[in-house]
Amino acid sequence: MAKVLVVTSGKGGVGKTTSTAALGAALAQRGESVAVVDFDVGLRNLDLVMGAERRVVFDLINVVQGVAKLQQALIRDKRVENLWLLPASQTRDKDALTDEGVGRVIADLRTRFDWVLCDSPAGIERGATLAMRYADEAVIVTNPEVSSVRDSDRIIGMLDSKTVKAEKGERVTKHVLITRYDPVRAAKGEMLGIEDILEILAVPLLGIIPESQDVLRASNVGTPVTLNDAASAPARAYFDAARRLTGEQIAMVVPAERKGFMNRLLGRRAA
Amino acid sequence: MSINLLRLFSSRNATAPVARERLQILLAHERGLLGQPDLVVTLREEILAVVSRHIQLDPEKVTVKLDRGKTVSTLEVDIEVPNGFETMVRDGRRAAAG
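So the sequences go chain by chain: A and B.
Sequential numbering of the first sequence, starting at 1, is according to the working numbering.
Sequential numbering of the second sequence, starting at 272, is according to the working numbering.
Keep in mind that a hint or two might mislead.
[Unchecked claim] What follows is a list of derived Cβ distance ranges for each label pair:
#1 B:HIS300 - A:LEU216: 31 to 39 Å
#2 B:ILE350 - A:SER161: 42 to 50 Å
#3 A:SER161 - B:HIS300: 16 to 24 Å
#4 B:GLN327 - A:GLU195: 49 to 57 Å
#5 B:SER323 - A:ILE250: 53 to 61 Å
#6 B:GLN295 - A:VAL57: 46 to 54 Å
#7 A:PRO204 - B:LEU319: 34 to 42 Å
#8 A:SER161 - B:ALA320: 20 to 28 Å
Hints are computed from structural coordinates only; laboratory data are not their basis.
Glycine residues also receive a C-beta, built at the ideal position from the N, C-alpha and C atoms.
Could you put together the complete structure from these sequences and hints?
Below is the structure:
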């Protein structure tokens with residue numbers, strides 16, 4: 001049965017698009033059929049992170065308005081089989097999306113894919129509420145930083161009240177994904193620890209993505225980090241998170257950066 | 272071991288506990304405000320309904336107050352009951368039994 005998962009956060013710049021692309025590619029590499037859907041109308045970026053920016057013809061709004069069929073708007077990934085992108089519109093505004101129209105597109109996607117990953121825009125406005133509206137599950141992307149945790153708390157409240165599931169008296173399954181985590185700074189007490197964040201948000205942990213330059217390297221070249229360098233620390237963390245999404249029990253570890261010989265010798269952290 | 276040593280040398284920079292405490296206090300307030308805007312109204316109505324089943328009350332003389340403190344919050348319920356309500360209750364029971 002298809003699962004609709006929203007990747008959300010409230011706050012901008014915490015890694016929603018990076019995480020959508022990385023988790024989508026990781027699930028597809030495991031043989032699941034996956035559609036990643038960009039809900040950030042007017043400021044689309046999932047196409048860029050996926051390296052499909054020059055292949056966009058039709059978008060989510062075209063499909064919602066019946067201008068294009070879903071098959072015409074879906075872009076197939078060139079690297080991984082079973083991975084598809086439904087881009088957002090860059091020219092229209094978010095009011096072009098309607099609740100009913102989004103519901104129809106999501107229902108259609110459910111019949112074609114195992115996973116539908118909705119990349120939410122930042123904020124708590126219409127775009128963000130529509131991205132979460134039809135979700136069965138939610139990944140709340142959180143940085144170990146006060147403003148991000150506060151916004152995540154707000155989004156959790158919305159997931160519990162403004163989704164179709166919540167209105168039916170059911171629950172959206174929620175997961176926290178901590179990104180840009182620096183274990184060394186956390187151990188020094190300079191950064192909120194995993195336990196702190198989980199205690200405050202009271203939502204189970206999906207994974208811990210370490211702060212890493214591999215993330216920027218991957219987005220520079222338009223490849224999800226899980227495809228760009230599968231052995232890198234963030235990629236391994238995303239692979240573990242994807243396996244947890246499919247129900248596997250995996251011990252929670254923060255993958256460490258690979259250190260070069262000189263760095264190891266000097267006790268420096270790898271770049 | 273290495274973590275303990277780090278802690279020892281860096282207590283000056285340990286700002287995370289401050290972040291944690293600020294968040295806990297802030298979110299306790301925000302959750303109350305945003306999550307259940309009518310909590311006090313709902314409590315007042317339901318308490319009034321339960322007590323009214325046994326005692327005749329003047330709805331105007333029931334006050335419910337919720338105070339959120341740093342560590343403990345208090346719920347204050349103040350109900351003014353008319354004198355002689357005990358006889359009213361007994362009469363009510365007798366009437367129900369008979």
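Verification of the hints:
1. B:HIS300 - A:LEU216: 31 to 39 Å: 37 Å, holds
2. B:ILE350 - A:SER161: 42 to 50 Å: Once the Cβ atoms are compared, 32 Å apart, the range 42 to 50 Å for SER161 (chain A) and ILE350 (chain B) is violated.
3. A:SER161 - B:HIS300: 16 to 24 Å: 18 Å, holds
4. B:GLN327 - A:GLU195: 49 to 57 Å: 53 Å, holds
5. B:SER323 - A:ILE250: 53 to 61 Å: This hint holds: roughly 55 Å between Cβ atoms.
6. B:GLN295 - A:VAL57: 46 to 54 Å: About 49 Å separates the Cβ atoms of GLN295 (chain B) and VAL57 (chain A), which means 46 to 54 Å holds.
7. A:PRO204 - B:LEU319: 34 to 42 Å: 39 Å, holds
8. A:SER161 - B:ALA320: 20 to 28 Å: Given range 20 to 28 Å: holds, Cβ gap about 25 Å.
Hint 2 alone, counting from the list given before, is not met by this structure.
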